[in-house]
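Enquirer: Here is what each chain is made of, one letter per residue.
There are 4 protein chains.
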Amino acid sequence: MKKGRLEAFSDGVIAIIITIMVLELRVPHGDHIRDLVPLLPVLFSYVLSFAYVGIYWNNHHHMIYAVDRINGAILWANLNFLFWLSLIPFVTSWMGENSFNRWPVILYGGVLIMAGLAYDILCTQLIKEGGRDSTLAEALGRDWKAKYSVLAYVAAIALAFVSTWISVSLYVTVAAAWFIPDRRIEKKVRGVKGSEEQ
Amino acid sequence: MKKGRLEAFSDGVIAIIITIMVLELRVPHGDHIRDLVPLLPVLFSYVLSFAYVGIYWNNHHHMIYAVDRINGAILWANLNFLFWLSLIPFVTSWMGENSFNRWPVILYGGVLIMAGLAYDILCTQLIKEGGRDSTLAEALGRDWKAKYSVLAYVAAIALAFVSTWISVSLYVTVAAAWFIPDRRIEKKVRGVKGSEEQ
Amino acid sequence: MKKGRLEAFSDGVIAIIITIMVLELRVPHGDHIRDLVPLLPVLFSYVLSFAYVGIYWNNHHHMIYAVDRINGAILWANLNFLFWLSLIPFVTSWMGENSFNRWPVILYGGVLIMAGLAYDILCTQLIKEGGRDSTLAEALGRDWKAKYSVLAYVAAIALAFVSTWISVSLYVTVAAAWFIPDRRIEKKVRGVKGSEEQ
Amino acid sequence: MKKGRLEAFSDGVIAIIITIMVLELRVPHGDHIRDLVPLLPVLFSYVLSFAYVGIYWNNHHHMIYAVDRINGAILWANLNFLFWLSLIPFVTSWMGENSFNRWPVILYGGVLIMAGLAYDILCTQLIKEGGRDSTLAEALGRDWKAKYSVLAYVAAIALAFVSTWISVSLYVTVAAAWFIPDRRIEKKVRGVKGSEEQ
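Chains as they are written, first to last, in my numbering: chain A, 5 to 202; chain B, 5 to 202; chain C, 5 to 202; chain D, 5 to 202.
These are computed hints drawn from the structure, not numbers from a lab.
Wrong hints could be hidden among the right ones.
[What the hints assert, rightly or not] Okay, the calculated beta carbon distance ranges per label pair:
1. A:V41 <-> D:R38: 31 to 39 Å
2. C:P45 <-> D:P45: 27 to 35 Å
3. B:A180 <-> C:V41: 54 to 62 Å
4. C:V41 <-> D:I125: 12 to 20 Å
5. B:A77 <-> C:V41: 44 to 52 Å
6. C:P42 <-> B:R30: 46 to 54 Å
7. C:L27 <-> B:I37: 38 to 46 Å
8. D:N75 <-> B:P42: 43 to 51 Å
Model, not experiment: these values are computed from the prediction.
Virtual Cβ for every residue (Gly too), placed ideally from N, Cα, C.
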């Protein structure tokens, strides 16, 4: 089965998720620059989520690129992943409109955990289809970044009972860590595809 | 006529349908976890519809993949199918916001019936273009799953006058039955395309 | 310049236009079937516009398919066409929510005229790029359907001062006339492409 | 790394941005033509932003077309560019709903500046990947249009304290200047690709 439509559908859904979040930046009634001040937490929340969804799109791009075939289980694992991503606009608004209060911050972390686990399941299904020795499995074999991220989200949820700013700092730190693109897959793929082309 | 744009347009419409449903998960005014409790039926309704739209995308993907050519009648049958799918966000919200009361549950079943019939018409047009002996016709020849689904929706509507929970259970059961990907088409296509490539 | 991205962008915009119209079908507060009755004009208005946008997508698909090259003027003519299409959700809502009163019906016709003229400009630009003798020019040379449609919209606007139901009937009639796919382009393209492949 | 998904994702996001702006054209309560009069500034604001987003899509199309490879840095520069574009619907509404008052007009210019700079960063990354001698670098080497645009936005912001109509005129002038497609890249690409094909 070709993977083109899986990519196209995922791109469509992720593009919509990343864009509809901006609809929550509601236009203020006043026309002065200070009327925008109450929107600052909403904007910050939007920036954070834009980064997270962007990171996931980027990684999804790399990961799907590394496989040649997809199957039914991969389709469902992908839909499951998209489902959890689709809840990000909701938790982003709740967190932004409540100025990063405790429960919204906790729920945000909860959705990040679920999206992270769903991404992991998708990853496992892709490796299963490609076999243990595939490029992807090798490339991801020592990937602790995803596991550390989930641990950081769990810590962020626990620490929200101390101060939500610690939690938010953790979310920002994890996002920053992911900004460094996953060069391992890129190199592996480039190496294998390069040698195949010779 | 090439089928690429039909796929791209359908993917776009289905991606938007599956994503805009989350806009109905309106952010509550309070910031406590218990403020989310009234949203639970809306969330459940969203999960159910996300599954249905995902199933339809999946099956659409398989079905279009199995044909080589499209024509004008297929384009219109596809638009008709997309029209009924596009009503799912509306009936999902109505059902969720009214906590699965009788009429919303009935209308939800009605739209599922219409989407099912529209899918069947699209299927018939694809077989007509491909000829009775085509891979698709063979693969679908004994497909009772779609017919049983429509029967289940009809039963769900009738039983909504007894208890809407029976109806909703039926919707969940049908969705669960469809989660098993349609391996018959997949195998047939793989077999035929494989032998062509030799 | 390749036409793939023009198709992809246009498909995206048209897919969003056709789908966001359903957001105007606002969920009623009550949960009885009779609470849907006030939505009937909105639904009818949605069905009509879904058909129009679907027709335009279909024709756009055929027309772009018939050309091999695009240029800057075509890109702008295409954006102009998409702009007028993008106003359809607005006029659809206004017409539906006001139960087909005079001014909304007139404005609906006005937007249809502008979309029709923009489509015509796009068509002219495509023919210019392909040359007078191209398949497209030949195929469209005797195309009176588009011209009759614009005349019908003008008549519908004038007759809205007598009865808006005449206007709406005209809109429905034109849409129905377009449902018959434009077999001329299809045949010409098939013929030319077929002979090229030999 | 192939550039197809970068194009598809960018097309998706830009298509959504350009289309959701029309959701701000809220349907008036009355049904008379004069009820549309208060919407005129909103409509004008929409037309201006539709032109800007269309121009950016057009230039993005040309620029990505001119390169053969993309890398991680390009992916992030592209996301950064899409982020600033995604704020255009917000500033468009604020400017339209406040009839082009001072602060909304200034913020609009601010977002245009940021989008312009983000586009410049993306451009630089693309040139870096392609090397100083690449077609793109040559084609863009003497491109002062982008720099003059940013200067015009800065001037528009400063002059908003005199009259916002000067600012808006500047925005319209810049948009008009960009309507002339960037023939230099087009010619260069055509030349190089043409000679490669021989």
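Enquirer: Each of the hints needs a verdict: does it hold here or not?
Expert: A quick look at each hint next to the structure:
Taking 31 to 39 Å as the suggested C-beta distance range, the pair V41 of chain A and R38 of chain D conforms, at roughly 36 Å. Here the CB-CB span from P45 of chain C to P45 of chain D is close to 29 Å, well matched to the stated 27 to 35 Å. The hinted range of 54 to 62 Å is not satisfied by A180 of chain B and V41 of chain C, whose Cβ atoms lie roughly 35 Å apart. In this structure, V41 of chain C and I125 of chain D break the distance hint of 12 to 20 Å, their C-beta atoms being roughly 55 Å apart.
For A77 of chain B and V41 of chain C, the Cβ-Cβ distance of about 34 Å falls outside the hinted range of 44 to 52 Å, so the restraint is violated. Between P42 of chain C and R30 of chain B, the C-beta spacing of about 22 Å breaks the proposed range 46 to 54 Å. Restraint check, L27 of chain C to I37 of chain B: a C-beta distance of roughly 29 Å breaks the suggested window 38 to 46 Å. Restraint check, N75 of chain D to P42 of chain B: a C-beta distance of roughly 47 Å satisfies the suggested window 43 to 51 Å.
Taken one by one, the earlier hints fail for this structure at numbers 3, 4, 5, 6 and 7, listed in ascending order.
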